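Peer 1: Residue-level listing of the chains:
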Amino acid sequence: MFKILSNEQIAPGIFNMQLVAPLVARKAKAGQFVMIRIDEHGERIPLTIASNDAENITIVYQVVGVTTHRLTEKKNNDFLLDVVGPLGHETQIEKLGTVCCIGGGVGIAELYPVTRAYKSSGNKVIVIIGAKNKGLVIFKEELKEICDEMFITTDDGSEGEKGFVSDVMKRLIDSGRKIDLVYAVGPAIMMKIIADLTRPFDIKTMVSLNSVLVDGTGMCGSCRVEVGGETKFVCVDGPEFDAHRVNFEELMSRQSLFKEQEKHACKIRGIVY
Amino acid sequence: MKKQSPEKRIKNFDEVALGMSEEEALQEAQRCLFCKNPKCSMNCPVEIDIPRFIQAIKDKKFGDAIQIIKEKNNLPGVCGRVCPQEDQCEGACILNAKGKPINIGALERFAADWERHDKSRLSAEAKRESCLAKAEDTKLKIAVIGSGPAGLTCAGDLAKKGYLVTVFEALHTAGGVLVYGIPEFRLPKQIVKEEVGYLKSLGVVIKKNFIVGKTVTLKEIFEEGYSAVFIGTGAGLPSFMNIPGENLNRVYSSNELLTRANLMKAYLFPDYDTPVNIGKKVAVIGGGNTAMDSARVSLRLSAEKVYIVYRRSEKEMPARKEEIENAKEEGVEFHMLTLPQKIIGDSKGFVKGMECIKMELGEADSSGRRRPIPIEGPEFIMDVDTVIVAIGQSPNPVFLKATPELDLDKWSKIVVAPETQATNVKGVYAGGDATKGDDTVIAAMGAGKRAAKAIDAYLKKV
Chain G
1 MFKILSNEQI APGIFNMQLV APLVARKAKA GQFVMIRIDE HGERIPLTIA
51 SNDAENITIV YQVVGVTTHR LTEKKNNDFL LDVVGPLGHE TQIEKLGTVC
101 CIGGGVGIAE LYPVTRAYKS SGNKVIVIIG AKNKGLVIFK EELKEICDEM
151 FITTDDGSEG EKGFVSDVMK RLIDSGRKID LVYAVGPAIM MKIIADLTRP
201 FDIKTMVSLN SVLVDGTGMC GSCRVEVGGE TKFVCVDGPE FDAHRVNFEE
251 LMSRQSLFKE QEKHACKIRG IVY
Chain S
1 MKKQSPEKRI KNFDEVALGM SEEEALQEAQ RCLFCKNPKC SMNCPVEIDI
51 PRFIQAIKDK KFGDAIQIIK EKNNLPGVCG RVCPQEDQCE GACILNAKGK
101 PINIGALERF AADWERHDKS RLSAEAKRES CLAKAEDTKL KIAVIGSGPA
151 GLTCAGDLAK KGYLVTVFEA LHTAGGVLVY GIPEFRLPKQ IVKEEVGYLK
201 SLGVVIKKNF IVGKTVTLKE IFEEGYSAVF IGTGAGLPSF MNIPGENLNR
251 VYSSNELLTR ANLMKAYLFP DYDTPVNIGK KVAVIGGGNT AMDSARVSLR
301 LSAEKVYIVY RRSEKEMPAR KEEIENAKEE GVEFHMLTLP QKIIGDSKGF
351 VKGMECIKME LGEADSSGRR RPIPIEGPEF IMDVDTVIVA IGQSPNPVFL
401 KATPELDLDK WSKIVVAPET QATNVKGVYA GGDATKGDDT VIAAMGAGKR
451 AAKAIDAYLK KV
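Chains G and S supply the protein sequences, listed in that same order. For the first sequence, the numbering used here assigns the number 1 to the initial residue and increments by one for each residue that follows. For the second sequence, the numbering used here assigns the number 1 to the initial residue and increments by one for each residue that follows.
These are calculated hints, taken from the structure and not from any lab test. Don't take every hint at face value.
Reference listing, derived: stretches of chain S covered by chain G, where coverage requires no fewer than 3 residues with Cβ under 8 Å from a Cβ of chain G [as the list claims (entries may be wrong)]:
id, region
1, 158 to 172
2, 196 to 210
3, 251 to 264
4, 396 to 407
Every value quoted in this text rests on a predicted model; they were computed, and no experiment measured them. Just so it is clear, CB atoms sit at the ideal spot from N, CA and C, and this is done for glycine as well.
One chain only, chain G, in its complex shape:
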């Protein structure tokens, strides 16, 4: 049993949960994730570790279905039945020069530990974050504090510039800015567009993939994705991959496998999101 210290809504439909998980916390590195299960009836879902101290970890989740909806019902001092990790490879942090960190939607939370790690190892860090609207721009202040330059986009223009993170990325490339690495995390379509933008310029681009996981420990093969013409497993080979080699169409298609079931489960429980 893992105690919930806090479970706060930080934006409409986005929550920040702090958990007591000392065994995970003492090992967790940027880019890694945990698998959680709420209770006996729960499914196992992966959540990226947004931050950690010696005892506790923080996860940020967006309500997208039954499990994330059920997570919102948890109060302080409630428990999650299972938390296991840290899983996946940690982000390879090196001093490269200028690193452009791009986050979309709830992916911005996952971007935070990675950005911090790149910055603290001596890189110049440009952050580009995007969301549907002003209210959904999370971790703005935290990221601002650690980066050298920051751009915000919203779909409706209610904060920063109107448009997408890819618009800013394109402008930076067109202006001839020297960028040594792009790191992107967010919806698959956003990561695909960024990959397509940087590919012709041969800018190394890493993405953190969000495929469907079951055990998350290298056993079931649910998370497989084609990378460079080979099948890779996100849970043990990833979650980060060279964006230019990822088959994003396949990833997006595989993400849709359980849409109908998920819709049905939400409907019978009266969950609207």
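Place chain S on chain G using the hints.
Peer 2: Chain S alone, transformed into the frame defined by chain G:
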């Protein structure tokens, strides 16, 4: 043994084989010749004293029977159900010459079930007292990584020898393949839970949600004061055929299908939160027990037609005869000498067919089975909307990647000494699917047993 009727059982996940009544067990026990040199025991990987336990059943001393089994076997309810007895004890039974061997598996199951139903745990309690007392003396800690059949057996035997044993399990439930792989209708999870409970009563501590290689490393385990380690990390990444279309939607590894259905109870969705998306026409590729399990799980989910697709003939299938029979009774169709070439998808990325070719059998290969050779001729398309790939797996990579000091073979399996299960690292032993050859529950248990013996000998020496 009585079974649920096929028509009834394909609509539920309840146990198919219903077990023996007391009367049937007594009758069966009376048939035993109680050989002086019992071939059955010699062919039992965990060396159960079979004639002695059958004698106890014959004498209606059912409590004695289960205790005799438990002297050697920590998981009798499991073994009575899933052991390939036909290749082991029953295969060696002298009565085969005259016709039917003793149904030893059913008798083992009878004894285990009798104890479960009667809750006569007194003897187990007594055992626990003595184990704990012994543990006080030795105070040596042993870590077992993985709570599958190999790990649980090793843990139980070491606890009985008086060591303080901790089992580290990555998943949220103990049992390994017994809980994620083998379906409820073949091995009810309650039985695994109770047999794990028996090991706990011997003093074994189980730490779940604990991934050795991630949560801690092997080195840290030794630093925490453990004197020896047994690795039973089991199967890992599923193998695929490397044909086009294997990442389409509704192509599953058997591991994924079974994990969703068994461990996560997707057959109870949406009461349980984990979904599974199976179509109406399912092709299961492979010829082992896992393929049979996948086919039978698919039937019980929503499939109307289920096909086993195997590149050799039925004779070469590695699955147990009993499981092949069960699958046939339930209406699974067998497409032998058939090799998939390509899985075909629709515009939304879902399976809509599978292109195959026919095979014929050539000369025997190194495994002794006749090698399948493609027949020149047209490909044909099987009308399926779901494909389950059940052709095996490589060992779990998480622990191995984090532990480069271990010697591995070319299949990434841990190299061990056959008699002791010792690895190249001092104090570290391994068995089960993490090593080569232990590919059944009972073989894994045999390895766990050998390792426990070797660990005891090693610790007595140092």
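Peer 1: Starting from the hint list further up, note which numbers the structure goes against and sort them upward.
Peer 2: Hint check: nothing fails, all pass.
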